[in-house]
Amino acid sequence: MRQLLAALVVMLGLADSAMADAPKEGVEADASTRQVAITSSFTGTEILVFGAVTNSVQPSPEAGTYDVIVLVEGIPAPVVVRHKSRVGGIWINTQSMRFASVPSYYAIASTRPIDEIADKAVLDAQGIGFDHVRMVRAAQSRTDATDPAELQTFKEALIRLKERERVYVKSDFGVAFIGSSLFRATIALPPNVPVGPLTAHVYLFKGGQMLGEYSNRVMLQREGVERYIHRTAMTQPLLYGIVTVLLAASSGLAAAFAFRKNG
Amino acid sequence: MTLYLPIAEMSVSVIVFLALGMSVGFLSGLFGVGGGFLLMPLLTFLGVPSAVAVATSASHVVASSVSGAITHYRRGNVDIRMGLVMLTGGLTGTYLGVSAVKILRRLGYFDFTVALMYVVFLGVVGTIIFVEGINASRQVRSAGAAGARKSGQHGWMEGLPFKMRFPRSKLYMSAVPPVIIGMFIGCLSAIMGIGGGFVIIPAMIYLLRMPTGLVIGTSLFQIVFVAALATVLHAVENKTVDVVLAFILIVGGVIGAQFGTMVGEKLRGEHLRALLGAVILLVAARMAYELVVPPADLFSLAAVAGAS
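Residue numbers (the working numbering), protein chains in the order written: chain A, 1 to 263; chain B, 1 to 308.
The shape of chain A in the complex, shown without the other chains (with noise of 0.2 Å):
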């Protein structure tokens, strides 16, 4: 019995040996692609999210040993968030908060809720998820209030708003483990994508434990003459203008003559 009970310690001790020796858990990813070209027939796209978790102890993809949180967002840019009231019968914006810096674009797949893997602190750190998102509120805001439910209520609008505009995405169930340490995501494009890099990152979390994370820049930009179109207005607007307007003229000048030549 000694005996027995000796060897089931030795034997525990070399397995926690065994688990202090084996190499720490790590993640790797990638997109499937890294280029996404906007085009004049582009209505939105996919991009698959992969990844493999190093050294993974997990037995079975349904396990549920680690948790992944796969990340995709777009620059941060500024934005005006307004509020409307009725001013003598007229609804008219009244109130607004300007932050100076939101991301354009943020679509988030997890293997469950995220509140679910990882604690506000964590979250909130790491910036994942709409509400622990670094969200600055700019200096010059045309709200007489200053209080932070003010700004929650703002904050919250924008998040609605956005994720009515399908630019902000969430997806609780989106990462899938397919074995025990490969994942995939899929992560939806809409039409509306504002245009600029993308940056996916992915999060290995085990037991409310960030234990790797691993980031990946993947190209969003208009090609072909989508982008000679909108480099022309943009950096030659005067150029452009004209253009325009020579169009509109002589299609009009056309047509008068094409159909007085039928009629």
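Note that these hints are calculated values from the structure, not bench results. Model, not experiment: these values are computed from the prediction. Ideal placement from N, C-alpha and C gives every residue a C-beta, glycine not left out. Accuracy of the hints is not assured; some may be wrong.
[To be verified] Simulated crosslink set (DSS-like; lysine-lysine; CA at most 30 Å straight-line):
no. : chain 1 : residue 1 : chain 2 : residue 2
1   : A       : Lys162    : A       : Lys120
2   : A       : Lys206    : A       : Lys120
3   : A       : Lys120    : A       : Lys155
4   : A       : Lys24     : A       : Lys120
5   : A       : Lys84     : B       : Lys102
6   : A       : Lys155    : B       : Lys170
7   : A       : Lys206    : A       : Lys24
8   : A       : Lys84     : A       : Lys170
9   : B       : Lys102    : A       : Lys162
[Said to hold, decoys possible] Per label pair, the in silico range of CB-to-CB distance:
no. : chain 1 : residue 1 : chain 2 : residue 2 : range
10  : A       : Phe257    : B       : Glu132    : 33 to 39 Å
11  : A       : Phe257    : B       : Val263    : 17 to 23 Å
12  : A       : Thr232    : B       : Val124    : 37 to 43 Å
13  : A       : Glu213    : B       : Leu107    : 39 to 45 Å
14  : A       : Arg227    : B       : Val292    : 41 to 47 Å
15  : B       : Asp297    : A       : Glu213    : 31 to 37 Å
16  : A       : Glu46     : B       : Arg74     : 55 to 61 Å
17  : B       : Ser13     : A       : Gln209    : 47 to 53 Å
[Claimed, not checked] Residues of chain B clear of chain A, computed beta-carbon distances all greater than 12 Å:
no. : residue
18  : Ile15
19  : Ala19
20  : Leu160
Fit chain B to the given chain A structure using the hints.
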């Protein structure tokens, strides 16, 4: 078939926008108006940002008025001198209007201002045209030339300085009223994305007392230039002109206009005017509805202009 619009940054159905251009073109051919006042609200209704809708409508106005202007010019129905005087005001007004759009967008009052201006101007003009059209069709042929015009009589305008001779219109009057009218229309045109024919024509007839035969040609002459400048300035100042969207609408518009003209020739003038008045009032009512009814969401988002 869908197409991604480079400036509006949205994917749209070409068929829908072609059909929109055709319907607006049909009505503009039918009534002999530019159709900007119909196009702008319909574009916003389909989800095009209002600033893009206004700027792109301006380019549509160029296309729909240029051939008319040239036809009238060939027939000698344009008072170039009067047109140029009005243009000096018109171009200034356009510049002021485009600058106003820039400021209003920054303050978040642009949508509201546009809607209010539509309600006020379309409401007033629509009522006048509608009532006049109804009355005219009631009193069938009561008088051939209702307002016996006496050229050169302007009452209060007599005292204004900078008198000029307009031989084509047989007028001798101060240059101030045409410049001010031109400036006012230019400003309206830039903010509302319209040609402004429905405001400028009554103003030329009743305020300047120009001969009716010259009014349409001269107004078209000045609208072409004002709309062209508005397009260029919107492109430069606000970067809101979408050439792809403009082209789709223009193609639809010019085709629709031909059918509109054919149908219009079969209808009586006063019926047409009553119908036009009704359409204008409908658009005004639609805009008024938007202002008065509680919005679905009190909050709205806007990108900060000049940030990207």
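inquiry  = Within 17 to 23 Å: is that where the Cβ-Cβ distance between A/Phe257 and B/Val263 falls?
reply    = For A/Phe257 and B/Val263 the Cβ distance comes to about 21 Å; the hint holds.
query = CA of A/Lys206 to CA of A/Lys120, is that 30 Å or under?
reply = holds, 15 Å
Verdict on B/Leu160 as a residue remote from chain A, using beta-carbon distances over 12 Å = holds, 34 Å
query = Is the hinted pair A/Lys155 and B/Lys170 satisfied, with a Cα-Cα distance of at most 30 Å?
reply = violated, 64 Å
query = Could one say that the CB atoms of A/Arg227 and B/Val292 fall in the range 41 to 47 Å?
reply = Distance hint for A/Arg227, B/Val292 holds at roughly 43 Å.
key: Whether B/Ala19 stays farther than 12 Å from all C-beta atoms of chain A, as the label says   = holds, 17 Å
query = Does the structure keep A/Lys84 and A/Lys170 at a Cα separation of 30 Å or less?
reply = holds, 27 Å
task = With a cut-off of 30 Å on the C-alpha distance, tell me whether A/Lys162 and A/Lys120 pass.
result = holds, 22 Å
message = 31 to 37 Å was suggested as the range; check whether the CB atoms of B/Asp297 and A/Glu213 agree with it.
response = holds, 35 Å
key: Check on B/Ile15 being off the interface with chain A, judged by Cβ distance over 12 Å   = Holds, because the least Cβ-Cβ distance between B/Ile15 and chain A comes to about 14 Å, which exceeds 12 Å.
Whether the CB-CB distance between B/Ser13 and A/Gln209 falls inside 47 to 53 Å = Roughly 49 Å apart at Cβ, these two residues keep to the hinted range, so it holds.
inquiry  = With the threshold set at 30 Å, check whether the alpha-carbon distance from A/Lys24 to A/Lys120 stays at or below it.
reply    = OK: A/Lys24 and A/Lys120 at ~24 Å, within 30 Å.
In this structure, the one hint that does not hold is number 6.
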